Amino acid sequence: MKIILLLAIKIYWAIFPKDKRRKCIFRLSCSKHVYQVTNQAGLLEGLKALKYRYKNCRNGFHIFENHINGSKMMILPNGQLLGENEIASRFSSEA
Numbered sequence: 001m002k003i004i005l006l007l008a009i010k011i012y013w014a015i016f017p018k019d020k021r022r023k024c025i026f027r028l029s030c031s032k033h034v035y036q037v038t039n040q041a042g043l044l045e046g047l048k049a050l051k052y053r054y055k056n057c058r059n060g061f062h063i064f065e066n067h068i069n070g071s072k073m074m075i076l077p078n079g080q081l082l083g084e085n086e087i088a089s090r091f092s093s094e095a
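Note that full-length UniProt numbering gives residue 66 to position 66 of the sequence shown, counting from 1, and the numbers run on in steps of one.
Bear in mind the hints are in silico, worked out from the structure with no lab data behind them. On a predicted model such as this, the values are computed, not experimentally measured, just so you know. We put the CB at the ideal spot given by N, CA and C, even for glycine. Just so you know, not all the hints are guaranteed correct.
[To be verified] Computed Cβ-Cβ distance ranges for the label pairs, DEER-style:
id, residue 1, residue 2, range
1, 75, 14, 28 to 38 Å
2, 64, 14, 31 to 41 Å
3, 68, 3, 44 to 54 Å
4, 79, 45, 16 to 26 Å
5, 6, 77, 18 to 28 Å
6, 23, 83, 13 to 23 Å
Please model the entire structure based on the sequences and the hints provided.
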């Protein structure tokens, strides 16, 4: 069954050019993340990853600067805190 999810992601990649897709807030795009998790850990873990990303890669996140080391951090809608290495480079000081 995992092949169906992997195929759906590949079709998404083929139909929607990269420049037309919604910009992901995570460093590794949501579709790439779900593809990797599904491919490595199976359908159930892939669906969990999809649900997590769907709920958190949306409006409602907040970016702030960590005054201790000057790096950017992000609070997701679920309250989880992400470090600069997990945030899309367009939000970080590395960009």
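Looking at the structure, which of the earlier hints fail to hold?
When the structure is compared with the hints, none of them turns out to be violated.
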